[in-house]
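Visitor: Let the sequences and hints guide you as you build the complete structure.
Each chain, written out:
2 protein chains.
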Amino acid sequence: YIHRSFKHLRAQVLACVSDPDLLESGQYPSDVKERAKSILAACGGQSVGSYTMSHGIELIRRHVAEYIERRDGHKANWQDICLTGGASNGIKNCLQLLCNKVDGKDTAVLIPIPQYPLYSASLAEYGLGQVGYYLDEDHNWALDINELERAFLEGSKTHAVRAIVVINPGNPTGQVLTRNNIEDIIKFAQKHGLFVFADEVYQDNVYDKDSKFFSFKKVMTELGAPYDSIELASFMSISKGYVGECGLRGGWMELCGLQAGVQAHLYKAISAMLCPTTLGQTAVDCVARTPMPGEPSYELWNKEKTAVLESLKQRAKMIVDTFNSMEGFSCNVVQGAMYAFPRIELPPRAIAAARADNKLPDVFYAFKLLEETGICVVPGSGFGQRPGTFHFRTTILPQPKQLQEMLDIFKDFHQKFTKEYS
Amino acid sequence: YIHRSFKHLRAQVLACVSDPDLLESGQYPSDVKERAKSILAACGGQSVGSYTMSHGIELIRRHVAEYIERRDGHKANWQDICLTGGASNGIKNCLQLLCNKVDGKDTAVLIPIPQYPLYSASLAEYGLGQVGYYLDEDHNWALDINELERAFLEGSKTHAVRAIVVINPGNPTGQVLTRNNIEDIIKFAQKHGLFVFADEVYQDNVYDKDSKFFSFKKVMTELGAPYDSIELASFMSISKGYVGECGLRGGWMELCGLQAGVQAHLYKAISAMLCPTTLGQTAVDCVARTPMPGEPSYELWNKEKTAVLESLKQRAKMIVDTFNSMEGFSCNVVQGAMYAFPRIELPPRAIAAARADNKLPDVFYAFKLLEETGICVVPGSGFGQRPGTFHFRTTILPQPKQLQEMLDIFKDFHQKFTKEYS
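Protein sequences, first through last, are from chains A and B.
Counting from 1, one number per residue, gives the positions in the first sequence under the numbering used here.
Counting from 1, one number per residue, gives the positions in the second sequence under the numbering used here.
To be clear, the hints were calculated from the coordinates, so they are not data collected in a lab.
Do not take every clue at face value.
Because identical chains cannot be distinguished in the list, a pair is counted as satisfied if it fits within a single copy or across any two copies.
[Stated by the list, open to error] Here are the simulated DSSO-like pairs of lysine-lysine, each with C-alpha atoms no more than 30 Å apart in a straight line:
#	residue 1	residue 2
1	268	359
2	268	368
3	37	401
4	209	187
5	105	191
6	411	401
7	317	191
Guide: Structure representation (structure tokens):
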């Protein structure tokens, strides 16, 4: 979704490691060649055709650790960085650590509602219980500690609740958690001995001027004992940010506070799947080892990054403003990530028509929209929502001109729909 | 493990799809550029940075179907081809189809002993039962139908036995199954309603002049009804063959005889993991769409393929001849794949020494070998073997000169070991 002509650094490094003969040609900048050479030197047989270690190439794990140190201002151990074929793989691998029963009880995991459906799907896949906690729509989808306590208590009746998933910036909800909110979540996790899954794949996607990304690792570290020793896995991806290299399948996780034996077991389990793709790892290297001022690729890279993030920021505002101008819509500010998740009031006659059509009301609305306009949104029921409320998720990814066109068409549709069913 | 200078076609196509600016340069052959352009045209936004369909790019699935049609002489439906991030992903996805209980019984899967440990690990991961059937070492690791019946009966006492895994050519055992043997296995599977997992990743690695690879799909098709409607999944990888692109993570599976609803469910389950890497899919395309005589890349590709396979053939013979010249060793012919799995007689005093060291005898031997020579082999107990027998797996992948050196050192070690413990 980001035009390829913007992707010079990654494109060129990938080309060079794929065909090292290009290193002899004069057409690429010196820093591109140097990056490619250092990656090839770290590959078995100096080739991306070789397997790597299951947790990734050491050189790239070191670069990721340095990236995290620059981001947080705190030490990161490269041995605790595991490269993955996208964030989903890492999340699933860590969820599997929780499969065993505790005192005869099945394990359950606290997940946000609304949530990204990878979580509900993976919990079902591994036979783990799902305990939803509702995000607070009235406070820009923050996590309310009373609601977390309620969910924990509820889940504990039947399960051993052993972990909590937090998605920040939020998917599908687009919020960026405040530092205070993160502190409270960490204290809650520490109190109940929960493993924190920090899904931080949108860490570079913050648009709101009053919002800032704080990693769970940073906040936990700065809270000090006993909070700095909770079990935490933070997940990152090259599919998001200003990079958007979804198809290359690359990401990483940073593990904190795991017992050495547990971490060794996790790395052993991962090894059954051999290794993440070398070319995905190469793209991870380009994301983690950002060009520095003075390097030949810096100017173009910086221009690309700034342009992409600035444009996403405009689109985030455009979509929220439009939705909030529509009757029956209310949409929280898209502080970050790549989605708006507006709430929509559906007229009673629309709800009745949906029932007659054997569809959930939000699904009925989404199908009508698709059929009449070609616009595809995902109904809120796919992510979970408070009973009796209706939402949908849409992305801010279309280019500004297309997005404006789409919103105009959407607005027309909604007026007609409201008229038809009022 | 195959020197990179051999990999022109794949290296060049990968470079072009990674950096499409290379399509404007004059340095690559026209067929390389044409391949890259057709793949880019099939990608979202003409970029390998986009997600693809979860079962892969349609164009490449079509090329795989054509490859299978050329191989077998029978129709292959591209809709039944699913691209994967290596064979392991596909195998795990299909095993998951079997997770449900049947009439209150857990499902079990027949797997060969010795086996590639992905199977035992994945069965444990999914809570599926493992029922081993012994390969017949005295008949070059063939499958003995009486032994299959014994295993099925044994497993059926406690489990619903619903599938059989066959690895052909064999890993770790290096056999290539005869057509008759495959026919018998298919009849056995049909009789008991078993889903056949045909692990055929070494289909291009056949060295023995009296052996030939027959796919389960081909044999099943030619057997006709009722055998041509068994449930079958065949797995292929770009990590093997003459290609050896392990690090790129690419492969495919062909599904036959699955109910439409089951196949739709499988494709839906796969979609939770988004898509296989675009660059792995690109490499799959290069493997499936082999260059034809007259195309600019044909000569070099053919030279590479012939040289790699010819050299592997020599090495397969070299390793077996050497092992069979060593006291206490007996090694079946390496008809295919990439491994030798010799049986070794260990003196009673070595077995006692292993016990005193708290190790299995074959593990004890492998550690001694590693510590004294630096040569790494995998003990047979990692793959499974008949009780009281000892084996190890070693690959034929080192270059001939290194392999000969390795074998000389191994022989010396073994003489010393035998002397020490006799």
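Visitor: None of the hints should be skipped; say for each whether it holds.
Guide: Do the hints match the structure? See the list:
1. In this homomeric assembly, residue 268 and residue 359 come within 30 Å of each other (Cα to Cα) only across copies, at 20 Å, whereas the closest approach inside a single copy is 45 Å.
2. In this assembly of identical chains, residue 268 and residue 368 lie within 30 Å of each other by CA distance solely across copies; the values are 23 Å between and 48 Å within a copy.
3. Only between protomers do residue 37 and residue 401 lie at most 30 Å apart by alpha-carbon distance; the minimum there is 27 Å, versus 40 Å within a single protomer.
4. In this homomeric assembly, residue 209 and residue 187 come within 30 Å of each other (Cα to Cα) only inside a single copy, at 27 Å, whereas the closest approach across copies is 68 Å.
5. Taking CA atoms no more than 30 Å apart as the test, residue 105 paired with residue 191 passes inside one copy only; the shortest distance there is 20 Å, against 40 Å between copies.
6. Taking identical chains as interchangeable, the C-alpha atoms of residue 411 and residue 401 lie at most 30 Å apart only when both belong to the same chain, with a minimum of 15 Å there against 72 Å between chains.
7. Taking identical chains as interchangeable, the C-alpha atoms of residue 317 and residue 191 are never at most 30 Å apart, the minima being 38 Å within one chain and 63 Å between chains.
Consistency note: the structure conflicts with earlier hint 7 alone.
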